[in-house]
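Protein chains in written order, with our numbering: chain C, 1 to 130; chain W, 1 to 122.
Fair warning: there could be bad hints in the mix.
Below are the DSS-like pairs computed for lysine-lysine, each with C-alpha atoms no more than 27 Å apart in a straight line [unchecked claim]:
| no. | chain 1 | residue 1 | chain 2 | residue 2 |
| --- | --- | --- | --- | --- |
| 1 | W | 47 | C | 15 |
| 2 | W | 38 | W | 86 |
| 3 | W | 86 | W | 28 |
| 4 | W | 93 | W | 78 |
| 5 | W | 47 | C | 10 |
| 6 | W | 93 | W | 63 |
Everything labelled a hint here was simulated from the structure, so no lab data went into it.
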Amino acid sequence: MWSIPGRPIKFEHLKALQPLQVLYDFDGPRTFTFLDQENELYLAHWCDEESDRVRYIAVPFSEGLLTRLEHGQMSLREALDQPRVWVLEVDQEGQVQSGWRVNLSDLPEDVLPRPGTLLLPSLENEPLSG
Amino acid sequence: MNFPDDWPVGCPSQDAEPAQGEVYRLVKTNPPGPQDFKTNHDMGTRKNTDPCLRCGLSVFRQKVDAEHLYRAYPRLGKFIAKGMLKPEHGVTKQTGRPTHTTWWPYEQVDRAAIFPDVEEII
Chain C
1 MWSIPGRPIK
11 FEHLKALQPL
21 QVLYDFDGPR
31 TFTFLDQENE
41 LYLAHWCDEE
51 SDRVRYIAVP
61 FSEGLLTRLE
71 HGQMSLREAL
81 DQPRVWVLEV
91 DQEGQVQSGW
101 RVNLSDLPED
111 VLPRPGTLLL
121 PSLENEPLSG
Chain W
1 MNFPDDWPVG
11 CPSQDAEPAQ
21 GEVYRLVKTN
31 PPGPQDFKTN
41 HDMGTRKNTD
51 PCLRCGLSVF
61 RQKVDAEHLY
71 RAYPRLGKFI
81 AKGMLKPEHG
91 VTKQTGRPTH
101 TTWWPYEQVD
111 RAAIFPDVEE
121 II
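The whole structure should be built from the sequences, with the hints applied where relevant.
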């Protein structure tokens, strides 16, 4: 897999990526929210995987941002473009094995959602709601 | 035709219907190969997710949904494969929005062979 352009970090407050709300599923959860051990909300977005590990882009999130994402008022790329961005590598049991603090703009373009892509295709055909 | 013996008891559920109709799936190779149609159960991946859904394959009923999938997750594959499912291929159930369907193939089915039409996403 691609080399992660970031700083390795310890994720002691985050042992497992257990989806709280699955926002998009395809052969398993691809985009979902989860809580850390202090009940802080995060958004995770699948970006790549190999046989023994899966990589997600993860960012601190909020109910307000979640509402905007679900209503098509914010694209997936915009949702991930937060002041703090991590790439998390988890094993096939969902346990976090490694983490990196990254800049979204430093990640390979083909691991990111295309600019303007909304959470669901149906949202792209609707006038903005909310 | 039967499902593999190592699937969970009661999987797929009784409300799944005989497979039928056009479906779309992102694949990484053209023509698609067996690796493009392996389930999480086949690969031993995502062990912390629903055990029955792990035995199925995600497909879409509409091409536009597969195109969106590529834009959201480019690493899933840059080709859209179209298949025509028939009852002898297994059972399906709509398991997500808007046209996300899970297909549980019978053990004997050559999955890739059902998807001969492949189009590269530009």
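Below or equal to 27 Å on CA atoms is what counts here, so check residue 47(W) against residue 10(C). holds (24 Å)
Holds or violated: residue 93(W) with residue 78(W), Cα cutoff 27 Å? holds (25 Å)
Given the hint that residue 86(W) pairs with residue 28(W), test it: the Cα-Cα distance must not exceed 27 Å. The hint holds at about 24 Å.
Are residue 93(W) and residue 63(W) close enough, with their CA atoms no more than 27 Å apart? Roughly 18 Å separates the two Cα atoms, so the pair holds.
Mind checking the alpha carbons of residue 47(W) and residue 15(C) for me, to see if they're no more than 27 Å apart? holds (16 Å)
Need the status of pair residue 38(W), residue 86(W): alpha-carbon distance at most 27 Å? Between residue 38(W) and residue 86(W) the Cα gap is close to 19 Å, so the pair holds against 27 Å.
Of the hints listed earlier, there is not a single one the structure fails to meet.
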